[in-house]
Amino acid sequence: MRILSWAYLAAIFVFIFLPVVVLVLFSFQDSRLPIPPFDGPTLKWYATVLADRNMMEALANSLLVALISAAIALLLGFFAAQGLSRVKLPGSVLMRGVLIAPMTVSYLIIALGLLTVFNNLGFRPSLWTTGIGHVVINVPLCFAILFAAMGDHQKNAERAARDLGASELQVVFLVSAPMLKPALLAAYFLAVTFSWDEFIIAFLLTRFDVTLPVEIWSMLRSGLSPATNAIGSLVFLVSIAILIILELTVFRKSKS
Amino acid sequence: MTADVSLQSIDQYFGDFQALENINLHFDAGEFVVLLGPSGCGKSTLLFILGGFLAPTSGQVLIGGEDMSRVAPKDRPTTTMFQDYALFPHMSLRDNVGFGLRMRGQSRKARHDRADEMLDLVGLLDKANHKPHELSGGQRQRVALARALAVDPEVLLLDEPLGALDLKLRRQMQEELKAIQRKVGTTFVHVTHDQEEAMAIADRIVVMNHGKVEDAGPPEDVYLRPKTLFAANFMGDLNRLSAAQPARVGDYIECVRPENIGPAGEVALGDAILENAAFFGTYHRCHFQVLDEVKTSYVAHLPIGELPQVGDTVSLFASNVVTLEVTE
Chain A
1 MRILSWAYLA
11 AIFVFIFLPV
21 VVLVLFSFQD
31 SRLPIPPFDG
41 PTLKWYATVL
51 ADRNMMEALA
61 NSLLVALISA
71 AIALLLGFFA
81 AQGLSRVKLP
91 GSVLMRGVLI
101 APMTVSYLII
111 ALGLLTVFNN
121 LGFRPSLWTT
131 GIGHVVINVP
141 LCFAILFAAM
151 GDHQKNAERA
161 ARDLGASELQ
171 VVFLVSAPML
181 KPALLAAYFL
191 AVTFSWDEFI
201 IAFLLTRFDV
211 TLPVEIWSML
221 RSGLSPATNA
231 IGSLVFLVSI
241 AILIILELTV
251 FRKSKS
Chain B
1 MTADVSLQSI
11 DQYFGDFQAL
21 ENINLHFDAG
31 EFVVLLGPSG
41 CGKSTLLFIL
51 GGFLAPTSGQ
61 VLIGGEDMSR
71 VAPKDRPTTT
81 MFQDYALFPH
91 MSLRDNVGFG
101 LRMRGQSRKA
111 RHDRADEMLD
121 LVGLLDKANH
131 KPHELSGGQR
141 QRVALARALA
151 VDPEVLLLDE
161 PLGALDLKLR
171 RQMQEELKAI
181 QRKVGTTFVH
191 VTHDQEEAMA
201 IADRIVVMNH
211 GKVEDAGPPE
221 DVYLRPKTLF
231 AANFMGDLNR
241 LSAAQPARVG
251 DYIECVRPEN
261 IGPAGEVALG
271 DAILENAAFF
281 GTYHRCHFQV
291 LDEVKTSYVA
301 HLPIGELPQV
311 GDTVSLFASN
321 VVTLEVTE
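Protein chains in written order, with my numbering: chain A, 1 to 256; chain B, 1 to 328.
Just so you know, the hints here were simulated from the structure itself, not pulled from any lab data.
A couple of the hints might just be wrong.
Calculated pairs, PhoX-like style, for lysine-lysine (alpha carbon to alpha carbon, straight line, at most 25 Å) [stated by the list, open to error]:
(1) K109/B <-> K131/B
(2) K131/B <-> K181/A
(3) K127/B <-> K183/B
(4) K155/A <-> K131/B
(5) K74/B <-> K88/A
(6) K155/A <-> K74/B
(7) K183/B <-> K168/B
(8) K88/A <-> K155/A
(9) K109/B <-> K74/B
(10) K168/B <-> K178/B
(11) K212/B <-> K227/B
(12) K127/B <-> K168/B
Just a few of them, taken from the derived set where beta-carbon distance is under 10 Å, the chain A residues facing chain B [unchecked claim]:
(13) D152
(14) H153
(15) N156
(16) S167
(17) L174
(18) M179
Quantities reported herein were computed from a predicted structural model and do not represent experimental measurements.
Note that beta-carbon positions come from the ideal geometry of N, C-alpha and C, so glycine has one too.
Construct the complete structure from the given sequences, taking the supplied hints into account.
In structure tokens form, the structure reads like this:
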């Protein structure tokens with residue numbers, strides 16, 4: 001039985017990580033096709049990718065869009081959560097529902113909707129429109145995480161701060177936000193990774209300046225190459241880095 | 001600092017529900033006032049009106065002679081010690097206690113000195129750099145008190161602060177609260193439903209029920225000479241004399257406390273038989289039945305060592321009899 005459960009564990013991990021391992025492994029492939037047998041290792045594909053100006057521009061664009069759109073989504077989500085948790089308005093429940101609803105809509109539908117709206121308004125597809133699209137998908141996420149983290153505990157501490165003479169701004173910056181720090185960081189990094197990985201909205205709402213997933217997609221159209229594996233590995237590395245930062249900063253602290 | 005408090009014709013409605021009805025009270029500066037009553041009697045509502053978390057539907061709140069009825073909590077000379085303490089979990093005790101002074105723009109040095117002084121007052125100076133989650137319930141309580149007192153309020157409001165503590169710790173905290181109040185001289189307004197707690201700490205007890213003040217005065221007056229039957233019942237056990245007929249609203253009945261019934265006194269109750277007795281440490285709680293047609297029963301608290309045998313017949317007398325109107 002014991003062996004069986006270990007075998008099961010191993011099988012699960014192989015199932016989850018095999019594609020990633022293969023991707024990373026063949027990024028070190030020496031020949032021109034990322035297929036067995038493995039004849040590496042070499043770093044030349046990484047050199048190719050890092051020297052590719054389009055690719056590096058796309059990477060910078062992606063980072064820019066992810067960091068800024070996540071920050072805006074976090075801010076909007078925080079204000080919405082703060083308002084809806086504090087004040088009982090008629091229709092609070094409905095408002096909460098409407099705020100979270102976009103999470104259930106597929107990115108393709110959201111992208112088509114945004115494309116139509118931007119066309120009618122006369123906005124050209126650009127990094128800006130992509131950024132707006134990413135704010136749209138990340139506000140519900142940030143709102144849901146932050147709203148769930150605000151309890152009576154929080155409300156009482158805010159009331160105590162007001163009683164001790166804090167203005168509304170001081171309440172937000174000195175009490176609400178610090179108390180929510182773990183949730184704020186978690187929401188921000190999740191929003192960053194969602195934006196970083198996002199393809200459909202970015203594909204439909206960009207034209208000349210593209211984000212990394214769109215650039216990788218156009219590279220894939222010209223066929224497989226270890227270079228795509230190399231860029232894939234780099235993207236994976238960034239995601240892992242974010243995860244490790246998150247683990248070290250947010251989750252470790254909230255455990256102690 | 002300290003100030004007197006006047007509540008003038010306070011009414012509070014929540015929709016159609018009247019939570020407070022025509023409250024008129026005056027507290028002297030430096031008094032320890034306890035608002036006492038069952039849950040839902042409006043005592044916490046009244047405290048929230050004092051603190052500014054709720055604006056009264058009508059009426060006025062005067063603190064130190066100034067009208068505060070519509071002034072926000074942060075601009076009032078009051079601070080509140082909340083039921084769940086509401087400490088800031090991300091700040092050290094020193095920063096928690098110094099928070100109010102920081103809001104008042106005091107320098108770091110000044111507020112740290114004051115915070116240390118307040119932590120010393122509540123006996124937690126050695127934990128100044130700890131976070132609230134490292135403390136026990138009683139210690140958090142003390143930090144909340146220190147934080148509320150650090151800004152030197154004229155009136156301190158305490159919303160059932162001892163409710164979450166066990167009995168022994170509660171008694172100890174009552175004594176500490178009383179001692180600290182005497183030391184700082186601030187007017188304290190304390191809400192509780194525990195009448196023993198009220199008598200232990202109050203200079204003045206306000207008994208409330210259904211949004212109205214039933215009685216207000218020093219503990220001895222409220223206990224020994226209550227103004228209403230409700231106040232009398234809420235403060236402790238009560239015997240009705242001549243309870244033959246059921247009392248109707250508007251009737252006046254004579255009442256006496258169990259410890260005021262015994263073998264000697266002002267009013268003769270007749271011969272009674274001791275039915276049973278229980279030992280309560282500081283007294284015997286005895287059930288007597290009078291040997292007359294209506295068989296009135298009385299509960300008496302007899303001093304230790306003066307207990308007759310169960311089944312014995314004794315002549316009972318009552319003293320400190322009060323006459324009260326039946327209102328409900």
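Verification of the hints:
| no. | hint | in the structure |
| --- | --- | --- |
| 1 | K109/B <-> K131/B | holds (20 Å) |
| 2 | K131/B <-> K181/A | holds (16 Å) |
| 3 | K127/B <-> K183/B | holds (22 Å) |
| 4 | K155/A <-> K131/B | holds (19 Å) |
| 5 | K74/B <-> K88/A | holds (22 Å) |
| 6 | K155/A <-> K74/B | holds (16 Å) |
| 7 | K183/B <-> K168/B | holds (23 Å) |
| 8 | K88/A <-> K155/A | holds (13 Å) |
| 9 | K109/B <-> K74/B | holds (23 Å) |
| 10 | K168/B <-> K178/B | holds (16 Å) |
| 11 | K212/B <-> K227/B | holds (13 Å) |
| 12 | K127/B <-> K168/B | holds (23 Å) |
| 13 | D152 | holds (8 Å) |
| 14 | H153 | holds (8 Å) |
| 15 | N156 | holds (4 Å) |
| 16 | S167 | holds (7 Å) |
| 17 | L174 | holds (8 Å) |
| 18 | M179 | holds (6 Å) |
Checked against the numbered hints above, the structure breaks none of them.
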